[in-house]
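**Q** Please model the complete structure; the sequences and the hints are all you need to start from.
So the sequences go chain by chain: A and B.
Heads up: the first sequence begins at 1 in this note's numbering, then just goes up one per residue.
Heads up: the second sequence begins at 1 in this note's numbering, then just goes up one per residue.
No lab work stands behind these hints, which were simulated from the structure alone.
The reader is advised that the hints may include incorrect statements.
Listed next, the in silico SDA-like pairs over lysine to any residue satisfying Cα-Cα at most 25 Å (straight line) [claimed, not checked]:
hint, chain 1, residue 1, chain 2, residue 2
1, A, Lys179, B, Leu73
2, A, Lys125, B, Glu85
3, B, Lys132, B, Leu87
4, A, Lys179, B, Val102
5, A, Lys69, B, Ala52
6, A, Lys69, A, Arg17
7, A, Lys125, B, Leu73
8, B, Lys132, B, Ser29
9, B, Lys132, B, Gly219
10, A, Lys69, B, Glu45
11, A, Lys125, B, Glu45
12, A, Lys125, B, Val94
13, A, Lys69, B, Asp56
14, A, Lys69, A, Ser107
15, A, Lys179, A, Met73
16, A, Lys69, B, Ala59
17, A, Lys125, A, Ile142
18, A, Lys69, B, Leu87
19, A, Lys179, B, Thr13
20, A, Lys125, A, Thr213
21, A, Lys125, B, Ala47
A few chain A residues facing chain B, derived, Cβ under 8 Å [said to hold, decoys possible]:
hint, residue
22, Arg47
23, Met73
24, Ser77
25, Gly81
26, Ala82
27, Gly84
28, Pro85
29, Leu86
30, Leu123
31, Arg181
32, Ser183
33, Leu185
For each label pair, taking beta carbons as the anchor points, the in silico distance ranges come out as [claimed, not checked]:
hint, chain 1, residue 1, chain 2, residue 2, range
34, B, Glu91, A, Arg188, 19 to 27 Å
35, B, His174, A, Met23, 17 to 25 Å
36, B, Pro31, A, Met23, 45 to 53 Å
37, B, Pro31, A, Pro5, 56 to 64 Å
38, A, Leu185, B, Pro14, 27 to 35 Å
39, A, Tyr184, B, Gln133, 20 to 28 Å
40, A, Asp150, B, Pro14, 46 to 54 Å
For each residue, glycine too, the CB sits at the ideal point set by N, CA and C.
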Amino acid sequence: MASVPVTAQALTDWLLRYRDLVMAQRDYLTELDSAIGDADHGINMTRGMDAVVASLSEAPPGTVDRLLKGAGMTLVSTVGGAAGPLYGTFFLRCAAAVGSVPAVSASELGAALRAGAEGVVALGKAQRGDKTMVDALSPAVIAFEVAVEDGGSAARAAAAASSAAESGRDATMPMIARKGRASYLGERSAGHLDPGAASSALLFQALAEAFATADAHG
Amino acid sequence: MVGIVGIVVVCHTPELARAARDLALEMVSGPSPPIALAAGAAGGEVAGTDAAAVADAIAEVASRDGVLVLLDLGSAVLSAEMGLELLGDPECEVRLSDAPLVEGLTAAVVASAAGAGLEAVEAEARSALLPKQQHLGVSGVSAASGSSEAARVRDASAPDGDHAEVQLWLENPHGLHARPAAEFVRIATGFDAQVRVSNLTLGRGPADAASVISVLALGAEQGHRIRIEGTGPQAAEAVEALRQSARP
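**A** Below, the structure is given as structure tokens:
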């Protein structure tokens with residue numbers, strides 16, 4: 001399997017696809033957030049990703065770092081809730097890890113995604129098991145890098161990451177929240193999926209779908 | 001001499017930030033310290049917080065005297081931390097306050113306006129719940145703990161010099177609360193003297209007159225007897241000015 005570099009265009013497709021998924025599941029995400037949060041996650045993420053897509057069409061960034069950094073800064077300023085600085089940090093750390101290049105290898109992307117996840121953990125101070133986006137994000141980036149190490153393409157790694165993110169999201173169902181607005185509910189937070197984990201799972205679903213399309217054409 | 005510590009207010013809505021700022025400023029009769037607001041997301045149109053706006057607000061009031069950032073809840077903390085990161089390495093020291101928004105902001109504004117340094121402004125904000133806790137009789141909070149960290153910080157460098165003292169009955173209907181307390185602090189810190197005030201009626205103090213929280217914690221009402229003591233080159237002037245200000 002040839003190692004096809006991941007271009008800025010492919011990553012742009014990722015963000016566009018993520019916006020579509022978030023928009024389609026906006027009410028679902030908000031419903032999850034109504035159960036154990038402040039009922040605005042879907043609305044916030046849709047607003048944020050709409051703004052990201054708008055800025056992409058205004059000025060398509062040529063390099064991977066500008067693309068990811070732009071997405072991060074846009075989310076920071078438009079999302080409003082905790083997902084703003086958290087997803088913002090995720091993309092900013094990814095951008096910092098890749099540098100000013102038009103494309104990255106699957107391996108470099110894996111390292112960048114991991115750097116992004118580490119940024120989220122450092123800022124939010126959540127660990128796996130706290131019932132947050134980290135419960136989907138962490139297994140996803142690990143799965144991505146493992147797949148690449150096993151010789152997989154970016155598309156295969158993204159599919160593995162997506163699958164791991166979904167499992168991670170599902171694992172939050174019985175957890176008792178220890179971070180964020182949900183933690184105010186204590187035991188009543190159990191029995192609900194974490195909305196941040198759900199939107200993180202969509203992030204990697206979008207990655208897998210964007211790369212699968214690119215692979216089919218490439 | 002001391003400079004002016006800048007203050008940043010991070011809230012989910014501009015209305016909340018403005019209201020908290022305006023309430024705090026009611027306590028200050030002279031010029032207010034530099035205060036910048038970072039509230040709302042998407043340009044303030046949406047409830048939430050914006051780390052980039054926090055970075056801009058810090059930059060707006062930054063100086064070598066430092067900045068204290070007051071926060072409401074939830075994402076405000078994350079946005080403030082990220083805002084600090086976005087700033088990179090600001091030349092001035094920036095601290096995120098763990099104080100409650102309204103009480104902490106009020107204490108910080110009064111302290112900064114009175115010329116306190118960043119350490120003392122932060123300590124005043126952190127102990128800002130004390131007067132309320134004392135009044136409500138919250139366990140573990142005693143009258144003896146009326147001296148805040150700020151007072152201890154200032155007590156560390158008590159100057160030698162003349163001593164002056166006066167005792168008086170408080171006639172002001174508001175006692176030594178809210179605005180009168182802030183005014184008391186403003187006057188006391190305007191002299192080259194260390195001033196302490198005690199509530200003889202309740203047996204509280206002496207409190208450092210440079211700390212509005214310590215002064216508030218005296219719980220001095222109309223009709224209480226207070227003692228004002230000054231030490232230092234302008235002790236007599238300070239005590240006289242405070243005696244005058246205590247008249248209704």
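**Q** Give a verdict on every hint.
**A** Structure-based check of all given hints:
no. : hint                             : verdict
1   : A:Lys179 to B:Leu73              : 13 Å, holds
2   : A:Lys125 to B:Glu85              : 15 Å, holds
3   : B:Lys132 to B:Leu87              : 36 Å, violated
4   : A:Lys179 to B:Val102             : 24 Å, holds
5   : A:Lys69 to B:Ala52               : 13 Å, holds
6   : A:Lys69 to A:Arg17               : 18 Å, holds
7   : A:Lys125 to B:Leu73              : 16 Å, holds
8   : B:Lys132 to B:Ser29              : 23 Å, holds
9   : B:Lys132 to B:Gly219             : 10 Å, holds
10  : A:Lys69 to B:Glu45               : 23 Å, holds
11  : A:Lys125 to B:Glu45              : 28 Å, violated
12  : A:Lys125 to B:Val94              : 21 Å, holds
13  : A:Lys69 to B:Asp56               : 18 Å, holds
14  : A:Lys69 to A:Ser107              : 19 Å, holds
15  : A:Lys179 to A:Met73              : 23 Å, holds
16  : A:Lys69 to B:Ala59               : 21 Å, holds
17  : A:Lys125 to A:Ile142             : 18 Å, holds
18  : A:Lys69 to B:Leu87               : 15 Å, holds
19  : A:Lys179 to B:Thr13              : 22 Å, holds
20  : A:Lys125 to A:Thr213             : 35 Å, violated
21  : A:Lys125 to B:Ala47              : 23 Å, holds
22  : Arg47                            : 7 Å, holds
23  : Met73                            : 6 Å, holds
24  : Ser77                            : 5 Å, holds
25  : Gly81                            : 5 Å, holds
26  : Ala82                            : 4 Å, holds
27  : Gly84                            : 7 Å, holds
28  : Pro85                            : 4 Å, holds
29  : Leu86                            : 7 Å, holds
30  : Leu123                           : 6 Å, holds
31  : Arg181                           : 6 Å, holds
32  : Ser183                           : 11 Å, violated
33  : Leu185                           : 14 Å, violated
34  : B:Glu91 to A:Arg188: 19 to 27 Å  : 47 Å, violated
35  : B:His174 to A:Met23: 17 to 25 Å  : 55 Å, violated
36  : B:Pro31 to A:Met23: 45 to 53 Å   : 49 Å, holds
37  : B:Pro31 to A:Pro5: 56 to 64 Å    : 59 Å, holds
38  : A:Leu185 to B:Pro14: 27 to 35 Å  : 29 Å, holds
39  : A:Tyr184 to B:Gln133: 20 to 28 Å : 22 Å, holds
40  : A:Asp150 to B:Pro14: 46 to 54 Å  : 51 Å, holds
Hints 3, 11, 20, 32, 33, 34, 35 from the list above are not met by this structure, while the remaining hints are.
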